[in-house]
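With chain U held as given, fit chain G onto it using these hints.
Below are the chains, spelled out letter by letter.
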Amino acid sequence: MEILLRATVIYWFLWLVVRGIGKRSLAELTPLDLLLVVVMGDLVQQGVTQEDMSITGAMLSISVFVLWTVLADLLGRRSQRARQILAGEPTILLRSGRALMDRLEQENVTIDELKEKARAAGYADLSEIEVAILETDGRFSFIGSEQASGEESESRRR
Amino acid sequence: MRGDVLFRVVTVSLIVVIIALAALGFLGVSFSESSTTSDGYTLSVDHVAIARPGLEAPFSITVTRDGAPLPDRVTIGIDSALLVLLDHYGIQPTPVESSNDGVWTTWTFDVPPGQAVFAVDFDGRMGPSERWSHEETAFLDIEENRIVTNRFTLWVLP
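Line by line, the protein sequences give chains U and G.
Take 1 as the starting number for the first sequence in our numbering and just add one per residue.
Take 1 as the starting number for the second sequence in our numbering and just add one per residue.
A hint or two may mislead.
To be verified - Label pairs and their in silico Cβ distance ranges: (1) Ser80/G with Ile62/U: 35 to 43 Å; (2) Arg78/U with Leu6/G: 20 to 28 Å; (3) Leu14/G with Leu16/U: 43 to 51 Å; (4) Leu14/G with Ala121/U: 41 to 49 Å; (5) Asp112/U with Phe7/G: 42 to 50 Å; (6) Ala58/U with Phe7/G: 19 to 27 Å; (7) Asp137/U with Ser60/G: 52 to 60 Å; (8) Trp104/G with Leu14/U: 47 to 55 Å.
To be verified - Residues from chain G that keep clear of chain U, each with C-beta distances beyond 12 Å, as calculated: (9) Leu14; (10) Val29; (11) Ser44; (12) Pro71; (13) Ser80; (14) Tyr89; (15) Pro93; (16) Thr94; (17) Asn100; (18) Thr105; (19) Ile147.
It is worth saying that the hints were derived from the structure and are not from the lab.
Don't be surprised by glycine CBs; every beta carbon is placed ideally from N, CA and C.
Just chain U, with the same shape it has in the complex (with noise of 0.2 Å):
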């Protein structure tokens, strides 16, 4: 019963974790980052399990881990509201061609990284870009002017 309650303990300290460093560390991990993920994998380990050995323990505390995934998960579909709690919400970062810096700062992104991330997205310059939107899992999305006019244009013909 114990393993149940340390492995729910654990598994929401690394959502709280994993919400709180921010959806960019998500996506890209620097060498510290990776070096905390293998640390912390030795860490929870002995955190959760302690000192049994057996098979039965460790299929206890995976159960555990993958019924709040699931659950978290089911959660997430049924509530927008629960969804936006769990897995964070979208930030749009550039709107216009002009970088929303309170947003960028908020969420620890600099205005180098993200023309980066819009010229390895076919970008030269940001002023081609419509919208920057930092997705929960920390990947950038960018929709084009051109984009954005032609999907404007295509629905006042309808």
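Coordinates of chain G only, in the frame set by chain U:
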């Protein structure tokens, strides 16, 4: 596609069953009491019923005499095999004599005068390589006569 959904449902159901079994104590660690009475003496063994390798497996043996105090000296014995299961163990109070003939391990204790109940506590931890069911025996000897024998079973989950 339907097979995938079925597989997912079966997997989640299995996980729920595993967690439910653990929450109900069927996957250890759980304890049980086994008691036998003979000639006015009762030998009770509080032992781990379902154990897991690496976790604590304490047990205690209590001798009770109905209507009269215990003699000055009692000898308590158990299967030596039970001690082999444990990684290490401690015994409280300290016996005045102890012996092990390979089959039985016995300890002789001085009982304070006028005492009708005498308890011995063993503090142990289940060894990492033990599995499945173990039939164990505890007994009480008074003046080299076997007075009570108590048999009990413990399970060690893999």
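Evaluated hints:
At roughly 36 Å, the beta-carbon separation of Ser80/G and Ile62/U lies within the given 35 to 43 Å, and the hint holds. Hint check: Arg78/U to Leu6/G, Cβ distance near 22 Å, so the stated range 20 to 28 Å holds. Range check, Leu14/G to Leu16/U: about 28 Å between beta-carbon atoms, so the 43 to 51 Å window is missed. For the hinted restraint 41 to 49 Å between Leu14/G and Ala121/U, the CB-CB distance of approximately 42 Å keeps it satisfied.
Taking 42 to 50 Å as the suggested C-beta distance range, the pair Asp112/U and Phe7/G conforms, at roughly 46 Å. The given range of 19 to 27 Å is respected by Ala58/U and Phe7/G, whose C-beta atoms sit roughly 21 Å from each other. Take Asp137/U and Ser60/G: their Cβ atoms lie about 54 Å apart, and the range 52 to 60 Å holds. Checked against the hint of 47 to 55 Å, the C-beta distance between Trp104/G and Leu14/U comes to roughly 50 Å, which is consistent with it.
Leu14/G, annotated as away from the interface, has a beta carbon of chain U within 12 Å; the closest lies near 8 Å. Chain U draws Val29/G into its interface by the beta-carbon criterion, the shortest separation being 8 Å against a cut-off of 12 Å. Listed as a non-interface residue, Ser44/G keeps its Cβ farther than 12 Å from every Cβ of chain U; the least gap is roughly 24 Å. Residue placement check: Pro71/G keeps its beta carbon more than 12 Å from all beta carbons of chain U (closest about 40 Å).
No Cβ of chain U approaches the Cβ of Ser80/G within 12 Å, the least distance being about 23 Å, so the stated non-interface status holds. Look at Tyr89/G: its CB is around 15 Å from the nearest CB on chain U, clear of 12 Å, so calling it non-interface holds up. Interface exclusion of Pro93/G from chain U stands, the closest Cβ pair being 26 Å apart, more than 12 Å. Listed as a non-interface residue, Thr94/G keeps its Cβ farther than 12 Å from every Cβ of chain U; the least gap is roughly 26 Å.
At roughly 26 Å from the closest C-beta of chain U, the C-beta of Asn100/G stays outside 12 Å, upholding its exclusion from the interface. Thr105/G, annotated as away from the interface, keeps every beta carbon of chain U farther than 12 Å; the closest lies near 25 Å. A cut-off of 12 Å between C-beta atoms confirms that Ile147/G is not in contact with chain U; the least separation is 37 Å.
Consistency note: the structure conflicts with the earlier hints numbered 3, 9 and 10.
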